[in-house]
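Engineer: This is what each chain is made of:
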Amino acid sequence: GQNIDQPTEMTATEGAIVQINCTYQTSGFNGLFWYQQHAGEAPTFLSYNVLDGLEEKGRFSSFLSRSKGYSYLLLKELQMKDSASYLCAVRDSGSNDYKLSFGAGTTVTVRA
Amino acid sequence: EAQVTQNPRYLITVTGKKLTVTCSQNMNHEYMSWYRQDPGLGLRQIYYSMNVEVTDKGDVPEGYKVSRKEKRNFPLILESPSPNQTSLYFCASSSLAGWVQNGAKNIQYFGAGTRLSVL
Numbered sequence: 576g577q578n579i580d581q582p583t584e585m586t587a588t589e590g591a592i593v594q595i596n597c598t599y600q601t602s603g604f605n606g607l608f609w610y611q612q613h614a615g616e617a618p619t620f621l622s623y624n625v626l627d628g629l630e631e632k633g634r635f636s637s638f639l640s641r642s643k644g645y646s647y648l649l650l651k652e653l654q655m656k657d658s659a660s661y662l663c664a665v666r667d668s669g670s671n672d673y674k675l676s677f678g679a680g681t682t683v684t685v686r687a
Numbered sequence: 052e053a054q055v056t057q058n059p060r061y062l063i064t065v066t067g068k069k070l071t072v073t074c075s076q077n078m079n080h081e082y083m084s085w086y087r088q089d090p091g092l093g094l095r096q097i098y099y100s101m102n103v104e105v106t107d108k109g110d111v112p113e114g115y116k117v118s119r120k121e122k123r124n125f126p127l128i129l130e131s132p133s134p135n136q137t138s139l140y141f142c143a144s145s146s147l148a149g150w151v152q153n154g155a156k157n158i159q160y161f162g163a164g165t166r167l168s169v170l
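Those sequence lines, one after another, are chains A and B.
Adding 575 to a residue's 1-based position in the first sequence gives its number in my numbering.
Adding 51 to a residue's 1-based position in the second sequence gives its number in my numbering.
Hints are computed from structural coordinates only; laboratory data are not their basis.
We put the CB at the ideal spot given by N, CA and C, even for glycine.
Keep in mind that the hints are not guaranteed to be accurate.
Derived, one-sided and incomplete: chain A residues facing chain B with beta-carbon distance under 8 angstroms [unchecked claim]: (1) 590; (2) 623; (3) 662.
Across the chosen pairs, the derived CB separations fall in these ranges [unchecked claim]: (4) A:654 with B:148: 32 to 38 angstroms; (5) A:615 with B:134: 31 to 37 angstroms; (6) A:613 with B:64: 25 to 31 angstroms; (7) B:77 with A:578: 31 to 37 angstroms; (8) B:78 with A:668: 20 to 26 angstroms; (9) B:53 with A:687: 34 to 40 angstroms; (10) A:594 with B:91: 37 to 43 angstroms.
Generate coordinates for the entire structure from the input sequences, incorporating the hints supplied.
Structural biologist: Below, the structure written as structure tokens:
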């Protein structure tokens with residue numbers, strides 16, 4: 576099974592940087608995803624890591640260390656529209672199980 | 052436009068009255084899945100399907116049924132809903148192209164959600 580932990584809430588100021596950490600313990604690993612979810616809406620894909628290192632996409636970056644079971648999502652130059660929940664999800668590597676397990680999500684509030 | 056469509060978006064029902072939430076995708080995806088989302092618990096998988104006529108239980112399947120008679124549709128059936136099934140439900144789909152090889156991205160795309168209240 577999977578155990579995925581991320582902080583419940585974070586608050587930051589517009590223009591600042593926020594780092595959301597995610598730790599996981601899994602029986603197998605075949606990729607880590609970050610999704611953004613605005614209140615009452617569908618999760619939307621942000622980033623994907625399967626190898627160690629940093630993936631950068633505009634204001635958002637995601638890092639993975641498989642040996643430490645650790646990832647973070649970095650949000651730079653925060654904007655008010657970045658206020659949302661951020662979900663860390665890990666995909667298992669079972670041969671017949673294409674399973675994505677989600678953490679409970681981190682609610683980020685951006686203040687003016 | 053590529054999308055996952057769920058209906059209805061909102062539903063209030065009473066205990067024991069059978070209901071079906073429909074899900075349809077137009078991306079020719081092999082994989083489809085149902086999740087429920089509850090405060091503090093995140094998204095939990097109910098059932099998933101790897102292809103037509105292939106379905107399997109997720110983490111919280113009790114009280115739910117699914118079917119996959121066509122590739123594009125994956126309805127969620129609550130035969131006898133109970134108040135503990137009050138939740139926000141999401142359907143998702145993804146391609147399985149290359150999934151047996153490590154590293155294939157295969158992003159899951161989500162529907163807009165169905166907010167269900169069982170009284």
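Engineer: Now tell me if each hint is right for this structure.
Structural biologist: Here's how the hints hold up against the structure:
1. A cut of 8 angstroms between beta carbons decides the hint on residue 590 of chain A: the least distance to chain B is about 29 angstroms, and the hint is violated.
2. Hint status for residue 623 of chain A relative to chain B: holds, with the closest Cβ pair at about 5 angstroms, below 8 angstroms.
3. With a least beta-carbon distance of about 7 angstroms to chain B, the hint placing residue 662 of chain A at the interface is held under the 8 angstroms criterion.
4. With their beta carbons about 34 angstroms apart, residue 654 of chain A and residue 148 of chain B fall inside the hinted range of 32 to 38 angstroms.
5. A hinted range of 31 to 37 angstroms is violated for the C-beta pair residue 615 of chain A and residue 134 of chain B, which are about 21 angstroms apart.
6. Against the hinted window of 25 to 31 angstroms, the Cβ-Cβ separation of residue 613 of chain A and residue 64 of chain B comes to about 26 angstroms, which satisfies the hint.
7. For the hinted restraint 31 to 37 angstroms between residue 77 of chain B and residue 578 of chain A, the CB-CB distance of approximately 35 angstroms keeps it satisfied.
8. Remark: the range hint 20 to 26 angstroms for residue 78 of chain B to residue 668 of chain A is upheld by a beta-carbon distance near 24 angstroms.
9. Roughly 35 angstroms separates the CB atoms of residue 53 of chain B and residue 687 of chain A, a value that falls within the hinted 34 to 40 angstroms.
10. The given range of 37 to 43 angstroms is broken by residue 594 of chain A and residue 91 of chain B, whose C-beta atoms sit roughly 22 angstroms from each other.
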